[in-house]
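Assemble chain B onto chain A, guided by the hints.
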Amino acid sequence: KQEVTQIPAALSVPEGENLVLNCSFTDSAIYNLQWFRQDPGKGLTSLLLIQSSQREQTSGRLNASLDKSSGRSTLYIAASQPGDSATYLCAVQGGSEKLVFGKGMKLTVNP
Amino acid sequence: SQTIHQWPATLVQPVGSPLSLECTVEGTSNPNLYWYRQAAGRGLQLLFYSVGIGQISSEVPQNLSASRPQDRQFILSSKKLLLSDSGFYLCAWSVLSGRAGEQFFGPGTRLTVL
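Residue numbers (this note's numbering), protein chains in the order written: chain A, 3 to 113; chain B, 6 to 119.
Hint data in this document are derived by calculation from the structure and do not stem from the laboratory.
Do not take every clue at face value.
[Said to hold, decoys possible] Covered stretches of chain A (chain B as the covering partner; in silico rule of three or more C-beta atoms under 8 Å from a C-beta of chain B): (1) 12–24; (2) 44–58; (3) 93–105.
Glycine is no exception: its CB is placed at the ideal position from the N, C-alpha and C atoms.
Just chain A, with the same shape it has in the complex (with noise of 0.2 Å):
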């Protein structure tokens, strides 16, 4: 059974810090990751995706690498930003089409 985890739970950081957040998985037979980002009370917005034959993908501040072999996955937020608070959620893809998700990262930027 395919378990995600995101540690640290939550964490806080001042204004223009490199961030590093962390998602491991349990089962590396996956089709791909996903990172998403939740603001409160909303649906979750699609950050990047990484097919399993990728290493790393680029968004703007935003950059994803993916390591299948050890089961995890990393997202890099340059320079943060207030705006950038919200809780950080990645999710894999197995052979079917259910995502398994990590319990979330909540991050909040201090102006």
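Relative to the frame of chain A, chain B by itself:
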């Protein structure tokens, strides 16, 4: 561009009452559709998914059901709500080609069962 709608946005229902949540997608054809529930402290849980009209797969046995009467419409229902059905219900869609597998989520429905 593609858009996904969910309604209602919030709902307060008594225990034992029926439920109907609706999700529609615009701007794409033959999407895969998903219902998730997000409960406090438990993360996101896939409830149902559908790869076509009338085709529903259930991930978690419970008193909820799903239907897909049209290509871009997905409905979550219950005949009698339980307290444990409270949560944030999210609909999502994906396509099979191009950026295959990427899931896009709707704004959600906050359900409180009293």
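**OP:** State whether the coverage of the region 12–24 of chain A by chain B holds or is violated, taking the criterion as 3 or more residues with Cβ-Cβ distances under 8 Å.
**Re:** Answer violated; 0 residues pass the 8 Å Cβ test.
**OP:** Apply the coverage criterion to the region 44–58 of chain A and chain B: a residue qualifies when its Cβ sits closer than 8 Å to a Cβ of the chain, and three qualifying residues are needed.
**Re:** holds (count 7)
Original post:
Do at least three Cβ atoms from the region 93–105 of chain A come closer than 8 Å to Cβ atoms of chain B?
Top reply: holds (count 8)
The structure fails hint 1 only (numbered hints given earlier).
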